[in-house]
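Sequences and hints are given; from them, build the entire structure.
Below, each chain spelled out in residue letters.
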Amino acid sequence: MEKTPRIFEKNVPGSTEKLAGSTVGIAGCGGLGSNAALALARAGIGRLILADRDLVEESNLNRQCYFLSDVGKVKVEALASLIRAINPGIRLDIHRIEISPANTAELFGEADLLIEAFDRAESKRWLIETWCKSFPKRPVVGASGISGIGKSSEIIVRSSGMIHIVGDQKTSMEIGLCSARVGLVANTQANIAIALLTDMEI
Amino acid sequence: MITVNDRDRIVWREGLTVEGLMKEMGYDYALITVTVDGVLVPEDDYGTFPLRDGSRVVVFHLAHGG
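For the protein sequence lines, the chains are W and L, in the order given.
Quick note: the first sequence, position 5, residue 17 per our numbering, numbers continuous.
Quick note: the second sequence, position 45, residue 52 per our numbering, numbers continuous.
Everything labelled a hint here was simulated from the structure, so no lab data went into it.
Careful: at least some of the hints might be erroneous.
On the chain L side, residues computed to face chain W include the following (Cβ under 8 Å) [said to hold, decoys possible]:
#1 Met29
#2 Leu38
#3 Thr42
#4 Gly45
#5 Val46
#6 Leu47
#7 Pro49
#8 Glu50
#9 Ser62
#10 Phe67
#11 Leu69
#12 Ala70
#13 His71
#14 Gly73
Ideal placement from N, C-alpha and C gives every residue a C-beta, glycine not left out.
Structure (structure tokens):
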């Protein structure tokens with residue numbers, strides 16, 4: 013933190029200390045996870061646990077936060093570099109791994125909150141279920157229905173108990189994915205996480 | 008009466024489970040996550056999880072994309 017003493021000068025008063033003491037898990041570092049991670053890092057989250065198995069591909073660049081020079085790199089490592097270039101004081105735990113129901117609790121056990129940022133609906137489902145079974149009092153912020161162009165007002169937040177889902181709950185990735193709409197959802201996930209961690213209304 | 012997604016109202020009956028409710032509402036539950044009164048119901052429990060009169064059910068539809 014001492015390298016960048018002014019980075020959080022414009023933060024909402026009272027939020028910085030709470031965020032600095034918080035840990036967020038990011039399950040998947042693609043369009044949702046990479047953009048949510050950057051937003052959380054800029055906001056001043058103290059620690060992020062990043063997990064993803066993939067390498068950066070050129071086709072990721074239309075919506076994920078990576079640069080052309082990152083293509084071929086391990087995604088979690090490339091993301092860690094970008095985050096540290098913004099906020100060198102953050103603590104990062106990076107795992108290049110296939111996340112599964114068997115390792116979810118161990119990987120993210122120290123997270124106060126989980127961001128679900130998977131591609132496949134089936135995976136979203138077991139991740140949310142595994143998280144809620146393992147840590148019933150900790151929130152999970154997921155996404156469903158992020159594809160296509162426009163229809164900003166159809167991106168909504170639905171909540172029940174500790175589960176918050178952002179998106180239109182309809183559009184599937186087969187229709188194509190666009191930076192702005194994916195980013196809208198990812199930043200809404202981060203916004204909810206920040207609100208929950210600072211005891212504000214989501 | 009059971010409320011689904013703060014919108015639909017379904018008449019409660021003795022023995023109604025999450026599975027029964029999903030069938031009644033025509034939901035294919037391959038890609039959904041369900042909570043009852045704010046608590047997630049695991050898929051394995053859909054057939055046995057009893058709904059009480061007044062339960063508030065939320066069905067999240069999960070779509071591909073990340």
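Looking back at the numbered hints, which does the structure fail to meet, lowest number first? Violated hints: 1, 9; rest satisfied.
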